[in-house]
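Q: Place chain E on chain U using the hints.
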Amino acid sequence: MTDDMTLREEELVSNPTARVPVCLCLDTSGSMGGDPIDELNVGVATFLEGLRSDEVAQFAAEVAIVTFGGFVSELLDCASLSRVEAPSLSAYGETPMGQAVEKALDLLEARKREYSNAGVDYFQPWLALMTDGQPTDAIDRAVNRTAALVQSRKLSVFAVGVGEAADMTVLSRFSPNRQPLRLRGLRFRQFFEWLSKSVVRVSQSTPRQDVPLDLLGIKDWGTV
Amino acid sequence: MFRLARGFPRVLPAPLPVSLIPGPQDVVLDEKGTQHRLTTGLGGGGEGKVFLTNTGMACKVYSKARLTEGVKTKLQLMRTAPFAREGLCWPRSVAFNTRGEFVGYLMDRAQGREIQKCLFIKPLLLQHFPHWDRCNLVDLVISILDIIQSLHSENVLLGDINPLNTLVDDRGRAYFVDTDSYQIEDFPCPVGTPTFLAPELAGRQLSEVLRTPAQESFAVSTLVFMLLMPGKPPYSHAGGTDPAQNVRKRHFPYNLGEKRGVDVPAGPWRFIWSHFPYRLKEKFHQVFAGQSRPDVSDWLDVLRQYRYDLEAGHVSSEIFPTSFKQLNQQQVEAKGGKWLRCMNSHCPNGGYYGEFRLQDAKQIQLCPVCRHKVWIRARCIEPLCPSPEFTIKLGEKLYVERRGLEMPKRCERCRKARRERPSY
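First to last, the sequence lines map onto chains U and E. In case it helps, the working numbering puts the first sequence at residues 1 to 224. In case it helps, the working numbering puts the second sequence at residues 1 to 424.
So that you can see chain U by itself, here it is in the shape it has in the complex:
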C-alpha cells in the first residue's frame, strides 16, 4: 500500500461533502492537432481552475479525464482537486470513442462504489464528451451503457462537437436526453468555464430537486 493510496483514502472518508464526479472524455485524435489541441489544453486547465477557485466545489467536485487519440488513456482517476494538475494533451492517431466512453463509465462506476462503501454521499456523475470527428471503433455497447444510465437518471451527459466534421448523429446517440451542441469555433475555454460553473451550481446545491442549467450561458460557446 503506497502513501498515495492512504492519502486518497483519507481524503475520501474525512471529507463529508457530497461529491460530484465529473469525467471529461476528450478526443485527442490526429485531426485535433494544431490550434484545437492547444485550445483544448487551455480549456481543461480553465475547468480545473474554475472548480478549484470555488470554496464549495473544490471539495465536492472530483475529476477524471479519459482521452482517445490512437489509444485510450486515463489521465486522471476521479481525484480530489487539491492533488490534480492540468495534463498536457497532444493529438495523435485514430478515434476509439467507444472504448473511451466505456473506460469513462468504468471509472465513474468504480468511484461511485468507493463512495458508497465508505459512506460518502454523492450526486450522480457527469460525462462531458467532446469529439471533432467520427468514431473509428464500435460504439454500440458504449452507447447502450450510456443511454441506460441516462434513462435511469444515473448520469448526465454533455456532448459537444468540434468543427464541421464532428458527427452530431453519433453524439446524439450518447446523449439521448439533451441535444448535443456544436462548439462555436474553438471556444473550448468558454465551454469549460460554463461547465465548471454548472458543476459549482450542483455542488452549492441548495438544489431545488433538479438544478437548472445556465442555458443562456451556453450561447457563449455553443450552437445547436
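Treat the hints as calculated values from the structure; they're not laboratory data. Check before you lean on any hint, since a few could be wrong.
Covered stretches of chain U, going by a simulated chain E footprint (3 or more residues, C-beta under 8 Å) [to be verified]:
#1 16-22
#2 55-63
#3 116-125
Some residues of chain U that are not near chain E, with every Cβ distance over 12 Å (derived) [what the hints assert, rightly or not]:
#4 V42
#5 A165
#6 T169
Calculated from the model, a selection of chain U residues having no Cβ within reach of chain E, i.e. all distances over 10 Å [unchecked claim]:
#7 L7
#8 F71
#9 P87
#10 S90
#11 A91
#12 Y92
#13 G133
#14 D137
#15 Q151
#16 E164
#17 G185
#18 D220
By construction, the Cβ of each residue, glycine as well, lies at the ideal position given by its N, Cα and C atoms.
A: Relative to the frame of chain U, chain E by itself:
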C-alpha cells in the same frame, strides 16, 4: 408576533413592473426615501444579488423573475415586526430603484463566513478556527439555537435551514441571512436543501406547502448533528447514495447502547460519535431512527448538559478524536465489561481496552481500533463481482487463524451471497 400559518400558502405570483434593476454604484431608496448606494457585491444566485451599501447595510436586489406581488407583500409584513437582535439579517426596509419601483430589501449586514465554507470541511475548520475545541463548537450551536428559538417564539419558521445561509464570524458568533425565505404566516418558504428536508417533504413543490414545526424540528436537529460532526449529514451511511435519497431511506447508522451501528461511514465519524454523551446520542436516535421531533428548548437542554460535561472533563473536548472513547478499568468493570490486554503488540491505545461483547473476547483479544485495522487488501475471486477490492482486517485475520480456517477469498458481499444461496 405573527399569527401561525393556517389555510393555504399565499404566493401572489403576479409580476411587478420594473424598468431598471440596480447594480453596483447604483442608488436604491428605502421606505423613507433615503438613498443608499450599492457598493461591493457579496454574491448571489438565480434569486438575485446581494450588495453592501455606502450606509453600512446590505441590500438584496432580486432578479426580474422574483419581483412579484407576493415577495413584496411578504417583506412588508415582515417589516411590521422588526427584530432587533444581532445575528439576524431581518429586512429593515423594502428597497426601490430611483424610479420608485420595488427591487429588493435592505437589511443589517452579516459578518463572517458561511458554515459550509469554514466549519463543514476539516481543513477549512482548522484554518479558520485553529484554536477551537468542542466547547467552542457547542457554544456556537447554542447561540444558533438561541436565534432560532427567538424566531419560533414569534411564530416564524426558518424553513430552509442550511449551511450556506448560516454564517459564523471570527469570534464564533452566528448570523442568519436570506431571512426573506422564512415562512411568515401563510407566506411559504419556497426553497429547501435535501439533507435538511424532513422525509415527508421529499419531492414536494415547496412553494405549495406550509411547513409544520415538526418539519422545522427535523431541519434543526440535522443542523445540530452536522455542527457536532462537522459537515457529516446524519443519514450518510455505507451503501448510501445522494443526499435526498439518503433522507428518504431514513437509515441512521450509529450505535446506541445495546443497538449496534450498521453501515457506519468510514473515517473519523464513528470516533466522534463514541465520545458523545449518552443523552445526546439518545436524542439523535429519537429523531433520526425514531419519530421524535424535539423543539429547540429540548435541544438546548441536551447541549447545555453537553457543554457542562465538556467543561468538567467528563467527555473529550477534541473536535476530531482519533480513537474510540476510552473508558478506564473501573468504568468498564462498573458497566459489566472486562478489562483486557490487546494482543497487538503495537497497539496505539496503550495495550488495554474494555470489552463488553464477551463472546467475541474469547476468540480474539484486540481493542476496537486494532480489530478494524486493515491487515491486507485483497481481490475477490468471483469473476462477476462488481466491486472486487476488499480488505481483511486484523481482527478477521486473527479470528480465522485461531479457528484454523482459510483466509477469505471473496469480498463480504459475495460471501454473503454464497451463504444465502440454497444448496442442492
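Q: Indicate, hint by hint, whether the structure satisfies it.
A: Each hint tested on the structure:
no.	hint	verdict
1	16-22	holds (count 3)
2	55-63	holds (count 3)
3	116-125	holds (count 9)
4	V42	holds, 27 Å
5	A165	holds, 37 Å
6	T169	holds, 32 Å
7	L7	holds, 13 Å
8	F71	holds, 25 Å
9	P87	holds, 25 Å
10	S90	holds, 32 Å
11	A91	holds, 35 Å
12	Y92	holds, 32 Å
13	G133	holds, 34 Å
14	D137	holds, 25 Å
15	Q151	holds, 17 Å
16	E164	holds, 35 Å
17	G185	holds, 29 Å
18	D220	holds, 18 Å
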